[in-house]
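Fit the two chains together into the complex; they arrive one by one in their own frames, and the hints show the way.
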Amino acid sequence: MIGAIIDYQFMQNAFFACILASIVCGIIGVIIVEKKLVMMSGGIAHTSYGGVGLGYLLGFEPIIGAFIFAIAAALGIGYIKRKGGVRSDVLIGLFWSLGMALGILFVALMPGYPPDLSSYLFGNILAVTKANLRLMLILSGIVVFVIVALFNDWKAYLFDEEFASIVGIKTTFLEYLLLVLIAMTVVVLIRVAGIILVLALLTAPAATSEILTTNLKRRMIYSVILGNIYCLAGLWLSYELNIASGAAIVILSVVCYLLFYAVHSIAGKARSRKLAACHEESHKCG
Amino acid sequence: MMVRRNDGGSGAAVAIKAAREVSTAVRIEGLSVHYGQTPALEDVNLTVVDGEYLGIIGPNGGGKSTLLKAILGLVPPTNGSVTIYGKNPKKSKSAIGYVPQFAMLDKKFPITVLEVVLTGRMQPGLTPFMSFSKEDRQIAYQLLERVGVARLAGRQIAELSGGEFQKMLIARALAVNPRLMLLDEPTASVDPSSRQQIYDLLAELNQEMTIILVTHDLMAISAQVRSLACLNGRLVYHGEPELNENVANSLYGCPVDLIAHGVPHRVLKEHDGGGHGCECDGRVAGDGEGGAEN
Chain A
179 MIGAIIDYQF MQNAFFACIL ASIVCGIIGV IIVEKKLVMM SGGIAHTSYG
229 GVGLGYLLGF EPIIGAFIFA IAAALGIGYI KRKGGVRSDV LIGLFWSLGM
279 ALGILFVALM PGYPPDLSSY LFGNILAVTK ANLRLMLILS GIVVFVIVAL
329 FNDWKAYLFD EEFASIVGIK TTFLEYLLLV LIAMTVVVLI RVAGIILVLA
379 LLTAPAATSE ILTTNLKRRM IYSVILGNIY CLAGLWLSYE LNIASGAAIV
429 ILSVVCYLLF YAVHSIAGKA RSRKLAACHE ESHKCG
Chain B
5 MMVRRNDGGS GAAVAIKAAR EVSTAVRIEG LSVHYGQTPA LEDVNLTVVD
55 GEYLGIIGPN GGGKSTLLKA ILGLVPPTNG SVTIYGKNPK KSKSAIGYVP
105 QFAMLDKKFP ITVLEVVLTG RMQPGLTPFM SFSKEDRQIA YQLLERVGVA
155 RLAGRQIAEL SGGEFQKMLI ARALAVNPRL MLLDEPTASV DPSSRQQIYD
205 LLAELNQEMT IILVTHDLMA ISAQVRSLAC LNGRLVYHGE PELNENVANS
255 LYGCPVDLIA HGVPHRVLKE HDGGGHGCEC DGRVAGDGEG GAEN
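The listed protein sequences correspond, in order, to chains A and B. Each residue of the first sequence is one higher than the last, beginning at 179 in the working numbering. Each residue of the second sequence is one higher than the last, beginning at 5 in the working numbering.
Quick caveat, the hints were computed from the structure, so don't treat them as lab data. Even for Gly, the Cβ is constructed at its ideal location relative to N, Cα and C. Please note that the accuracy of each hint is not assured.
Subject to a maximum C-alpha distance of 35 Å in a straight line, what follows is the list of computed DSBU-like cross-link-like pairs (lysine-lysine) [stated by the list, open to error]:
id	chain 1	residue 1	chain 2	residue 2
1	A	LYS259	B	LYS94
2	B	LYS95	A	LYS213
3	B	LYS94	A	LYS214
4	B	LYS138	A	LYS259
To be clear about the criterion: a stretch of chain B counts as covered by chain A if any three or more of its residues have a C-beta under 8 Å from a C-beta of chain A, and this derived list gives those stretches [to be verified]:
id	segment
5	106-114
6	119-127
7	130-137
The following block holds chain B by itself, in its conformation from the complex (with noise of 0.2 Å):
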C-alpha cells in the first residue's frame, strides 16, 4: 500500500476512517475469553453498524452473556479487542445502556422503582454528598412513564412483577442516555403481554439506537431482530435472521426442530424433504426460555 505525502489525501484518508469509525457501533477483533482455564469465547469477530438491531441466541454456557461483558468491558479479553465507536470498552461506558439478566439480582434488596432508575443518572467516580437534582429526577419518572410503569415509581422493587422488574431496568438503562443498548434476556420471567410490550418499546428504541439482545426467545428472533448472531463458543451465524439446519446443528449439536408453536414466524426455512420428522428431542420452542437448554 503507498503511503500518500499529500496533505489533502491524508486529510480524505482520516475523513473517510472517522466516518466508518462513526457507523461502527461494536467492532470485535479475535476477541477470546477464559475463565481461568475453561474458555468462554474463542476466536470471535463480529461487526455492529450503528443502528443495527442484532439478536444473539446460542445454548446456554455458549458464551452469550459473555460477549455482552466484554463489551461492556466487565470481563478481560484474554486475546483479541473490542472497541466501541471506535473507543475502548472502558472510555466508552456511557455510550452504552445495559440490562442485566433479570435472575442476577436481589429482588428484595430495599429500594424503590425511582430510585432504581436514578442509579443510572449518577455521577461517575464517586461524590461526596450527591444529591439528585430535580432535573435528574424528571427525566427518570420520563423514563418510567415511557416504559409505562410511571405509577409504580414509589413502591419497592420487591413488590413488581417480573414484566414490571424489566421494564424498570429498561429505564435504568436508558438514563444513562446510550447510544447502545445490551439486553441480557429481558423477557425472561415475563408474561406475554408484557414480552410483547417490551418488544415493541425495543423495536421504537431502535430508531434512535443500536440494539443487541441476548435471547432465548425465538418469537422475537424470527419477528423483532434485523440481523442474528449465533454463539456456542464461537460465533456460529452472523447475518439475515433467518437460521438454517446447518446453523442450528451446530449451535444445540443436534438436529432441532425450529418451528415454534403458534408463531406467525418460521425461524427455520421451509426445507425441501417436507416432514419435520426429527430423531433428536431438542425442541426449540418458541414460547419461552429453556427450550434450548438440551
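Chain A extracted, bound-state conformation (with noise of 0.2 Å):
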C-alpha cells in the first residue's frame, strides 16, 4: 500500500483524508461521548444528507450542500431545545428523516439519470478529491484550534454547565460553537465514512480512550492515535482487499473497541477478585 501511495494521487488524498478524520474525530468524538451528544451528532449527519441533494440538483459541489444543511441543523436543533418545550430526542429524529427525505426528494427531481448516492451514504475514500481535501483541512484545522484554544473553558463547560455559567463562562455560545464542531466534523468525515457510518468513527475510539485513561487530554489525544490506526488499517483492508472503505474502517474500530472492552472487564474482574481474596486473608491474619 505504501507503494500506491507514493505512485498514486487518489492514495494519497485517501491517505491524508485518513489522518484528518481521525484527527477531528478523536477530539469531538470524546466530547460528544462525554456531553451524550452522539444521537445529536447521528442527526446532523443524517440531516446533511438534504444538502448533498442539492447540491446535485443544483450543480454545485454536494459536500457544499452537506456543509450548509449541517450547520442548519446544528443551530436549528439546539435554538429549539433551547427554547423548551419539545424533547431533543423527538427533535432529533425528525430532523434526522427530513434531511434523508429531502436529499431523496432533490435527487428525484434532477433530469435524467440519477446519480450514485452509496459513496456519500457509506464513504469512499478513494474518491476524495483535492477540492474535498482542502475543505477538510480548513474545517479540521478551525475545529482543533477552536478546541485548543478554549480548552479550560471546554472542561469547565463539560464537568458543569451550571456552575461554569454562574463563573461568568458564556456557556449558550459554548453549546452553539460546539453544535456547529460537530457540523463540521460531521462534514470532514462524511467522505471518509459516510453519512450512516459517521457515528461510528465518532465513538469507537472515543469510547476506547475512556477505557485507557481517566485524563482529558490524554483522552482526545488517544483517541486520536486510535482513529489513525483505525482508519489506515481499514484503508489498507478496503485497497488490499477491495471491500468498500467506510464499512472497513469502521467494522475495524467496533471490533477494536469490543475486544477493549472484554479484555478490560475481564481484567477488572480478575482485579476486584484478587482485591477480595486480600481482603479475606488479612481478615484471618486479624
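Below is the structure:
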C-alpha cells in the first residue's frame, strides 16, 4: 500500500483524508461521548444528506450542500431545544428523517439518470478529490484551533455547565459553538465513512480511550492515535481486499472497541477478585 | 410622602438607603417561577440580611432548588424580582458561591479534584489560551486544605467518597471568593462524621459570609442555622429555627412527628397535649434526607 501511496494521487488524498478525519473525530468524539451528544451528531449527519441532494440538483459541490445543511441542523436543533417545550430526542429524530427525505426528493427532481449516492452514504475514501481535501483541511484546522484555544473553558463547561455559567463563562455560546464544531466534524468524516457510518468513527476511538485513561487531554490524544490506526488499517484492508473503505474502517474500529472492552472487564474482574482474596486473608491474619 | 429639595437631606437619605442595601444580602419580592404551565414558586417574599445563616426546608418539589436557581439568575422569574446586595443576580455572579446538588453532577468525568476547584478561579467570558496562574493554583490548594481534602488534590473525582466530593464542591464555591454561599443539600450521601465536619466548616464560614442552606436534614436546622424558611410552593414560614405544628402541617400536608432520633435538639417545641401520637406515617427523621418524601 505504501508503494501505491507514493505512486497514486488518489491514494495520497485518501491517506491525508484518513489523518484529518482521525484528528477531528478523536477530539470531538471525546466531547460528544462525554456530553452524551452521540444521537445529536447522528441527527446532524443524516440531515446533511438533504444538502448533498440539493448540491446535485442545483449543480454545486454536494459536500458544500452537506456543510450548509449540517450547520443549519445544528443551530436549528440547538435553538429549539434551548427554547424548551420539545424533547431533544424527538427533535433529533425529526431532523434526521427530514434531511434524508429532502435528499431523496432533490435527487428525484434531477433531470436524467440519478447519480450514485452510495459514496456519500457509506463513504468512499478512494474518491476524495483535491477540493474535498482542501475543505477538510480548513474545517479540521478550525475545529482543532477552537478546542485547543478554549480548552479550560470547554473543560469547565463539560463538567458542570451550571457552575461555569455562574462563574461567567458564556455557556450558551459554547453550546452553539460545540454544535457547529460537530457539524464541521461530520462534514470532514462524510467522505471517509459516509453519513450512515459516521457515528462509529465518532464514538469508537473515544469510547476506547475512555477505557485507557482518565485524563481529558490524554483521552483526546489517545483517541486521535486510535482513530489513525483504525482509519489507515481500514484503508489498507479496503485497498488489499477491494471492499468499501467506510465499511472496513467501521467494522475494524467497532471490533477493536469490543476487544478492548472485553479485555478491560476481564482484567477488572480478576483484579477485584484478587483484592477480595487479599481482604479475606488480612481478616484471617487479624 | 414629602419630596425634599434640600440637598443635605437627600444625601442623608441616599446614605441610609445605601447602608440598608449593604446590610441586605438577598431581597426577593413577589417572586413566582413557572416551568411551562407548572408553578414551582408562587409569590415568595424573603429578605436575607448580610451575615445570616438561613436554612430552607420543604418537601421534594417544594421549590427549594428553584429558589436557589432564581437567586443565582439561572431561571428567569415569571413575576417579581430578586436582588443580591442591591444588584440584579446576573450582575452579581461573582458575589455568590454555589454548591449544587451532588446528584446533578457526572462523577465519572475525567477531571482531578484540584482542576474542579480551579474552575472557580476562571475568568468570566471566554479567554483563549488561558492557563491558571501559580497564584490560582495556590489559592485552590489552600481552599482544599481548608475543607480538609488537600491530600486528594491530584485524584480523579471518580475516586472520591460522597463526603470528599461535597467538600471539594464547597472549596470550588469558595474559589469564587463569595460574599454569599448557596448550598443545595451539601450533606446528601455523606457519612455522619463528614457531615459534622461540613457543618462545622459552614459555621466557621458564616463568620465571613452569608449562608443559605437547602437541606432535608432537620438536625442541621435545629443545631446549625440561625433562621429558617419553609417552602412548599409558597413561603410557609420564615423566622426562628423552631418549627411549630401549624407550619409543619402546611409544609408536609399532614401532621408529622418532628422529634428526631438521638438528636439533642428538638425541632418542634414540646406540645402541651403530651404524647407524640400521630395518625400519619409522615415522619421527619433527623438522620438523613428522604424522610420527608411522604
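Original post:
Honestly, which of those hints from before does the structure not fit?
Top reply: Of the numbered hints given earlier, the structure breaks just one, which is hint 4.
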